[in-house]
Amino acid sequence: MFSRNKSGAPSSTPETPDPVDAAAEVEKAGAPDRKGRPTPKRNVAQAANKRPLVPNDRKAATKAAREKAREQRNLEYKAMQTGDERHLPPRDKGPLKRYVRDYVDARWNLGEFFLPIAFGFIVLNLLFMSNATMSVIVLLALYGIVLLTIVDAVLLWRGLKKRLRAKFGDVPKGTMMYAVMRAFQIRRSRLPKPSSKKHGVWPE
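Each step along the sequence shown adds one to the number in full-length UniProt numbering, with nothing skipped, and position 47 is 47.
FYI, nobody ran anything at the bench for these hints, they're computed from the structure. A portion of the hints provided could be inaccurate.
Said to hold, decoys possible - Within a straight-line C-alpha distance of at most 25 Å, the following computed DSS-like cross-link-like pairs (lysine-lysine) qualify: (1) Lys97 to Lys193; (2) Lys193 to Lys173; (3) Lys93 to Lys167; (4) Lys161 to Lys193.
Produce the entire structure from the sequences given, and follow the hints as far as they go.
Encoded structure:
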């Protein structure tokens, strides 16, 4: 069991260490972890990567959005007063819409007098409430004015449509309503403002 070496001192054969045990010992001894922390689970990592879709301070975000919308409205209103194309609302932008406005503003339209005339007929109807015959006459006259303004609007669109097709080709949907609605507004209250102060200045 024991043997003597040349120097005469007893010695024993050392046992070969198990590799698995050695690795475990190194791990227990505190081998340095590359990340310094255990690997998180997938659901934990996904939850950490999520960001809220709305800011934490909703009041501040709402106030900022409201302020931005107010500034945009101010720019659009000022542009409708001055005719600045850069800040006009989308419904009024573009050379075609500008041509429509200039054509309507150059023309004498019955629609622009409709509101004052209708108001006058309402006053007349109140005055002649006790007279059935006169009330019917006033009412029929008002219906006649309405019919004439509709005919005038049709004539307006026919002439304008020919010009638009000759100049721009296709006419976008909604252009007729855009022109007629402007024709039924009192000239001074139209927005964007007319580029010319007088009738008869036709667009080229």
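Evaluation of the provided hints:
1. Lys97 to Lys193: The given pair, whose Cα atoms are some 13 Å apart, holds under the 25 Å limit.
2. Lys193 to Lys173: This hinted pair holds, its Cα atoms lying about 23 Å apart.
3. Lys93 to Lys167: It holds: about 17 Å lies between the C-alpha atoms, which stays within 25 Å.
4. Lys161 to Lys193: 22 Å, holds
When held up to the earlier numbered hints, the structure conflicts with none and fits them all.
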